[in-house]
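Keeping the supplied structure of chain A fixed, place chain B upon it in accordance with the hints.
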Amino acid sequence: MTPVIEALLPLFVGAPLLVGGALFVAPAHHRLRQVLGAASLVALLGGAAVLVLITADGTVLAHQVALWPGGIAIPFVADAFSSLLLLVTAILSAVTFGYLIASGEARSPSIASFVLVLAGGVAGALLTADLFNLFVFIEVMLLPSYGLLVILSRRGDLGGSRLYVTVNLLASTLFLAGVGLLYAVQGTVNLAELAGTGDDPATAIAAAVCLSAIAVKAAVFPAHGWLARTYGAASPAVAALFSGLHTKVAVYIIFRISAVIFEGDPAWMTPIIIVASVTLLVGALAALGEREMRPLLVFQMISGIGFILVGVAVFTPAGLAAGVVYMVHHMIVMGSLLLIAGAIEHTYGSGRLDRVSGLRTREPLLTAAFVVGALSLAGLPPFSGFVAKYALVQATAGGGQVLVAGLLIVASLLALVAMMKIWAEMFNGKRHADVELLAAEARIRQRHDLLDDAPVDADAVAEEAALAVERHDPPRGAETADDDPHEHRGTRVPVRLLVPSLVLAAISVGLGLGAEPLLQLAEQAAGGLTDTSDYVRAVIDR
Amino acid sequence: MSLALGIGLLAAAGVYLVLQRGMIRIILGFVLLTHAVNLLLIAAGGVARRDAPFFGGDTSSAADPLPQAFVLTAIVIAFAITVVMATLAVVGRGDDDTEPPPSGDEAPSATSEAAS
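So the protein sequences, as listed, match chains A and B.
If you count the first sequence from 1, position 416 lands on 416 in this note's numbering, and the numbers rise without skipping.
In this note's numbering, each residue's number is its place in the second sequence (first place is 1) plus 542.
For reference, chain A alone in the conformation it holds in the complex (with noise of 0.2 Å):
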């Protein structure tokens, strides 16, 4: 069984980009296309989950492409650590893309196309074994979202879209120049064949030149900035894509090159837990000075992106274990807010904490989703931020960094307070009266399919938002005050633009209250990270 999927492992990468480009050129009704990419998807993810399963006892599965010998063949490798992340990013590719059919954002024919290949680059990333095959991965990756973040960018303006192709364009060039450097001093881009060479210090200073480069990409301080800007400016349900899959591949390469070129040496895994921890504090507070939903939520990406790196900074097998963990933790997550976000935008026309207000009394969905998403992100249980930030803690503690651990929980008491920011201005503070224009606003534009700046008619705007009262609030009876907005309830956010947040919120909560095989499968990763035999092994039979 076992060689016939390692056989099989190309396919991860092969068959969605074979599905993209076909859906490309078919000139198929819109349906079919959504149908088929969802489909696809959902493929996707089922294998993800059998590799998931035969890799949990520590089988390592490798397949060199074209029967090459092992050195020689561009291998494809399959551990507990890549296959996991595989089943998480299949997870948010198929729930953003479910998010995208219901808002209608999958109608533009060249969607589900982009989010396959985007899909089939993320599997190549996350299961190549050679550096140069690598880049090229991380190229097919961002090509398709440089297409959905044009595309679907929310005000027509380009500037996120330009500064996103510009900062990546950057890293992966720098990024080449690293496997250059590394090729040069090794002979060899293969992962398994550079294993432990990080001792000699010509060929660490190649790595880390890899390294620094992928660290842009996962937006770690002082490359943070980009971010924000760049995901504030895309589609709610494209940043939720991206900010479970680009920067998480990023921080899964850190990961893997730490591991095994580097072997955990402490030399190098300082000045790593310096700038995640400043990562992770600089992120937490920048949230609170954010006015608007999405890019708060960015921020504490950003932080979360700090808390995952120092799980490998400490790189003791509970210190990995419980970055894995925080990982999976937080791409799920940040998902879930992220789409909660992109609801209420779609809806409202706005994420501005100051003007979309009473969501409480009005979206019961809504409010349980954002409730679950953001006690989870905080580190309360009984969710999967619990479970995440206490392995985290206990294991910066037990790793002499009990600094660290200190300001983990510190910023996690600022994510709170985040959240909390949020929860009083939108959730739970008295709707303000044109909260029901904005929303008549948004419909209107997408009716027409109006750009964010392009003016709206005031009249036909008022016009539309008295509609909607009269459909979804007809007075109860002589008690209902006109002017008192507390008594519309009638909800506004579609259901069917919840479930993709609603899903991840559940898994959340499922990864709290079983966290058992989570942790199981983390230590699983943890182990072939910190005993890398069994990869080199596999890769190249030594």
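There may be inaccurate statements among the hints.
Stated by the list, open to error - Computed from the model, here is a short list of chain A residues facing chain B with C-beta under 8 Å:
(1) F132
(2) L143
(3) L158
(4) S161
(5) L169
(6) T173
(7) L176
(8) Y183
(9) A318
To be verified - Chain A is nowhere near these chain B residues, computed Cβ spacing over 10 Å in every case:
(10) Y558
(11) R591
(12) A631
Bear in mind the hints are in silico, worked out from the structure with no lab data behind them.
Every residue gets a Cβ at the ideal spot worked out from N, C-alpha and C, and that includes glycine.
Chain B alone, transformed into the frame defined by chain A:
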């Protein structure tokens, strides 16, 4: 030596251009930067101690084909992204700079102000 100088010169010029404001200059800067990296990859194959592959019949000193394959791939990718960037420079609002919109991210657009 000449290769190292060439890489240094291209990288310096590329960095200078990337730090400019206009998108077109940034694109040209990236073209130079990727050329620098391509030359670096070629240099990684050890050009100083190797010869042309097919003449002389001695394979031990033949040029390393792997970096050349790397460069070929990198050129294609860089070309694709250059095209994407050039498109981004042209479409949109005809603004050829990377500054955030004057209204800022947080500011409400004039129309939603009017509507409310």
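Hints violated by the structure (listed by number, smallest first)
9 and 12
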